[in-house]
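Peer 1: Protein chains in written order, with our numbering: chain A, 237 to 454; chain B, 152 to 627.
Worth flagging that the hints you see were computed from the coordinates, not collected in a lab. By construction, the Cβ of each residue, glycine as well, lies at the ideal position given by its N, Cα and C atoms. Treat the hints with caution; some may be incorrect.
[As the list claims (entries may be wrong)] Computed list of lysine-lysine pairs in BS3-like fashion (alpha-carbon distance at most 30 Å, straight line): (1) B:Lys-623 - A:Lys-400; (2) B:Lys-272 - B:Lys-584; (3) B:Lys-189 - A:Lys-442; (4) B:Lys-470 - B:Lys-257; (5) A:Lys-395 - B:Lys-164; (6) A:Lys-422 - A:Lys-283; (7) A:Lys-368 - B:Lys-470; (8) B:Lys-220 - B:Lys-239; (9) A:Lys-422 - B:Lys-205; (10) A:Lys-310 - A:Lys-264; (11) B:Lys-220 - B:Lys-328; (12) B:Lys-202 - B:Lys-164; (13) B:Lys-470 - A:Lys-444; (14) A:Lys-310 - A:Lys-282; (15) B:Lys-470 - A:Lys-422; (16) B:Lys-257 - A:Lys-442; (17) B:Lys-164 - B:Lys-205; (18) B:Lys-623 - A:Lys-395; (19) B:Lys-328 - B:Lys-272; (20) A:Lys-422 - B:Lys-562; (21) A:Lys-422 - A:Lys-395; (22) A:Lys-422 - B:Lys-623; (23) B:Lys-202 - A:Lys-368; (24) A:Lys-290 - B:Lys-205; (25) A:Lys-254 - A:Lys-264.
[What the hints assert, rightly or not] A few chain B residues facing chain A, derived, Cβ under 8 Å: (26) Asp-294; (27) Asp-319; (28) Val-320; (29) Asp-359; (30) Met-430; (31) Gly-433.
[Said to hold, decoys possible] Reference excerpt, derived from the structure (chain B facing chain A, CB under 10 Å, subset only): (32) Arg-182; (33) Gly-247; (34) Gln-255; (35) Lys-257; (36) Pro-261; (37) Thr-263; (38) Tyr-288; (39) Lys-295; (40) Pro-317.
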Amino acid sequence: MAGLEEISQAVVDGWSEKTVELTRAALKQEIPPLDILREGLIPGLKKVGDLFEKGDLFLFDMVRSADAVTSSLKVLEPILQSRGERMEAISRFCIGTVHGDIHTIGKDIVATMLRVAGFEVMDLGADVPTQKFLNAVKESNSDLLGMSALLASTIPVQKEVIEKLTEQELRGRVKVMVGGAPVTEKWAESIGADARGANAIDAVRKAKQLIARCPQVY
Amino acid sequence: MIRCSILDDSDIKRLHAASLRVLEKTGIVVRHDAMLHKLDENGADVDFQTKLVKLAEQSIEEFVRRAPKSYTMHGRDPRRALSVEEGKRYVRTQSGCIYVLDAQSKECRPATRDDTATSTKLIDALQNIDFCGGLLYPTDEIDKARDVGVFEIMIRNTGKHIAIQPYDVPNLRWMIKMAATVAGSEEELSRRPMLTAIMAPSSPLVLDRYAVDIIIESGRANVPVLIPSTPLSGATCPVTLAGELVLAHAENLACVVISQLARPGAPVLYAVHPSTMDMRTGHPLWGSVEFALMSAAGVQLGRHCSLPTQVEAFMTDSKTLDQQTAIERMFTLIPSTLTGANVLNGAGTIETILTGSLEQLVIDNETHAMVERFLRGIEINDEMLALDVIDRIGPGGHFLSADHTKKFYLKEHFVPTLLDRNIRAAWSAAGEKDIVQRANSTVQRILSQHEPMDMDNDIRKRLDEFMQQARKDLQR
Chain A
237 MAGLEEISQA VVDGWSEKTV ELTRAALKQE IPPLDILREG LIPGLKKVGD LFEKGDLFLF
297 DMVRSADAVT SSLKVLEPIL QSRGERMEAI SRFCIGTVHG DIHTIGKDIV ATMLRVAGFE
357 VMDLGADVPT QKFLNAVKES NSDLLGMSAL LASTIPVQKE VIEKLTEQEL RGRVKVMVGG
417 APVTEKWAES IGADARGANA IDAVRKAKQL IARCPQVY
Chain B
152 MIRCSILDDS DIKRLHAASL RVLEKTGIVV RHDAMLHKLD ENGADVDFQT KLVKLAEQSI
212 EEFVRRAPKS YTMHGRDPRR ALSVEEGKRY VRTQSGCIYV LDAQSKECRP ATRDDTATST
272 KLIDALQNID FCGGLLYPTD EIDKARDVGV FEIMIRNTGK HIAIQPYDVP NLRWMIKMAA
332 TVAGSEEELS RRPMLTAIMA PSSPLVLDRY AVDIIIESGR ANVPVLIPST PLSGATCPVT
392 LAGELVLAHA ENLACVVISQ LARPGAPVLY AVHPSTMDMR TGHPLWGSVE FALMSAAGVQ
452 LGRHCSLPTQ VEAFMTDSKT LDQQTAIERM FTLIPSTLTG ANVLNGAGTI ETILTGSLEQ
512 LVIDNETHAM VERFLRGIEI NDEMLALDVI DRIGPGGHFL SADHTKKFYL KEHFVPTLLD
572 RNIRAAWSAA GEKDIVQRAN STVQRILSQH EPMDMDNDIR KRLDEFMQQA RKDLQR
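One chain only, chain A, in its complex shape (with noise of 0.2 Å):
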């Protein structure tokens, strides 16, 4: 259908206010909310990753094209909801910079890039308490838990995340990755992480081989 393949592009070229436009242009037009989504948002970030892939895109036009969709889910999201219908199951990565540090860059790119891969981004913010990390572990049914962390002097909160969710026997429930500039693949591997993210690029690729169900959708 010509509404969706436009919806796409709209998606690739990063126009968040036209993608809206369209997207509500469609629903008028009484395209399924779910098609809109399937054939129109997916594959125009698909495209999105493919040529950011290939050195054709770069990061801003990633940021840019999955505002985009963000934007177009929030006028999907209340109608699917009414309708009963739901997305795929696709895995859910919650993230976060630890306490203590207030560096979001790294770990908003990160969110972003895993965006366009297709999972289900819960971005917590910054200077994230532990406890805040623990519960959205305990609430959200996340896969992945992601904690950033920029100074040498909050790494360790990485630590203190992990033991806890050891503690209180929420270990199991997700794989745990870790990312920032001091953080080494040794630093991650002795607090017990499952990966390290070297960089965006990295995470979302240790993000894929470490959940079982890989998302299909995007």
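Start from chain A and add chain B according to the hints.
Peer 2: For chain B alone, kept in the frame of chain A given last:
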């Protein structure tokens, strides 16, 4: 001395005005309640809920004027004091590299306490390295006391001034305690501050609680504060070079205001570390040509406010000591020295400041001597024009036996120790070594010969005790 500029006067004024406008209109978040009250009392527009502070142009200028134009950075060795002032330049080693590049095995491995000590001894010995930034951060030190551990190793192994980024105020207090023990007392330390504390704003426009605390605590001890504003183009600041400078300068000015509010006359060192982003990977870059341009321009902005400036001058994103390292270093080094930076930071580091190399440090030591020669420029006066000598020797003669040649050769010409200037046959006979191999021989020679300035046994013992207590205290 040769001087060049990246920005002309009207550009500087426009950038400076734009930064003031950012602080007045957009404001900066200061996550420190006591400082918010202080700012409020001093006429800033403070929203205590959001912690957003808006500063009036006039009051910014007024506070910035209170910061000293010059001051002295002391070392354990009184002979190593550095007078930070207009026209003077000092070289500092990078801080915080957690890896070390082993020249022989070519392996890049996590640094240890032994590496920190060895690199500090080398820094202590190298003539053109003026102060010590704790090049290698030991991964075998406990995480929460790693900074204190580095400080303790440095103060034992060098008589030079020390720059350190404390993780938080309790850590800084341990360092001050150690330095005071070495100086004799806290009063003596405040007369002869042996360390500079580093704190960094979190771009865009956020000052975290600990960063403000470090400014306050340093001011109290008369320890100079280095403020490196480190935005990331297109990510934590605008993608345009001018936009990045506006934001970095604004963050710096806000920190200077806070330092002068905490203690009028507290010494500060202004720095813009204008990282750029590789938009294909998201990696921050410190060796990009734009980094070099903005660094040199940042020096001009700091000088416009009569503040002593530091610049990241020995930068590269290369992983090894190759041509990329040399190319990127020259771009980040020379323009910023030409715009008048007082502290040239980064000696010894590669790989976007993640890795340190002793061989690179020795090469940087030599490079700096060449830069100093370059900056001296071409002196023009009667003796240098040498008309008498030209006339006396005349057409067809030679100048080798002239007194003039002997008198001025070493004054006018730099004689390298690492650069190879031999013919190929001689170079081959000497083992066909490249500069890195030659630098490695220098490293070995210095380390086998150099002894840092002695330290009283009682002081050594007390430093040991402090370190043990600090580990316990900070791990809690």
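Peer 1: Each of the hints needs a verdict: does it hold here or not?
Peer 2: To see whether the hints hold, each was checked on the structure:
| no. | hint | verdict |
| --- | --- | --- |
| 1 | B:Lys-623 - A:Lys-400 | 21 Å, holds |
| 2 | B:Lys-272 - B:Lys-584 | 25 Å, holds |
| 3 | B:Lys-189 - A:Lys-442 | 48 Å, violated |
| 4 | B:Lys-470 - B:Lys-257 | 11 Å, holds |
| 5 | A:Lys-395 - B:Lys-164 | 48 Å, violated |
| 6 | A:Lys-422 - A:Lys-283 | 35 Å, violated |
| 7 | A:Lys-368 - B:Lys-470 | 38 Å, violated |
| 8 | B:Lys-220 - B:Lys-239 | 12 Å, holds |
| 9 | A:Lys-422 - B:Lys-205 | 44 Å, violated |
| 10 | A:Lys-310 - A:Lys-264 | 16 Å, holds |
| 11 | B:Lys-220 - B:Lys-328 | 27 Å, holds |
| 12 | B:Lys-202 - B:Lys-164 | 29 Å, holds |
| 13 | B:Lys-470 - A:Lys-444 | 28 Å, holds |
| 14 | A:Lys-310 - A:Lys-282 | 19 Å, holds |
| 15 | B:Lys-470 - A:Lys-422 | 19 Å, holds |
| 16 | B:Lys-257 - A:Lys-442 | 27 Å, holds |
| 17 | B:Lys-164 - B:Lys-205 | 21 Å, holds |
| 18 | B:Lys-623 - A:Lys-395 | 18 Å, holds |
| 19 | B:Lys-328 - B:Lys-272 | 22 Å, holds |
| 20 | A:Lys-422 - B:Lys-562 | 51 Å, violated |
| 21 | A:Lys-422 - A:Lys-395 | 13 Å, holds |
| 22 | A:Lys-422 - B:Lys-623 | 24 Å, holds |
| 23 | B:Lys-202 - A:Lys-368 | 23 Å, holds |
| 24 | A:Lys-290 - B:Lys-205 | 44 Å, violated |
| 25 | A:Lys-254 - A:Lys-264 | 15 Å, holds |
| 26 | Asp-294 | 4 Å, holds |
| 27 | Asp-319 | 7 Å, holds |
| 28 | Val-320 | 12 Å, violated |
| 29 | Asp-359 | 5 Å, holds |
| 30 | Met-430 | 4 Å, holds |
| 31 | Gly-433 | 5 Å, holds |
| 32 | Arg-182 | 8 Å, holds |
| 33 | Gly-247 | 7 Å, holds |
| 34 | Gln-255 | 22 Å, violated |
| 35 | Lys-257 | 19 Å, violated |
| 36 | Pro-261 | 7 Å, holds |
| 37 | Thr-263 | 12 Å, violated |
| 38 | Tyr-288 | 7 Å, holds |
| 39 | Lys-295 | 6 Å, holds |
| 40 | Pro-317 | 9 Å, holds |
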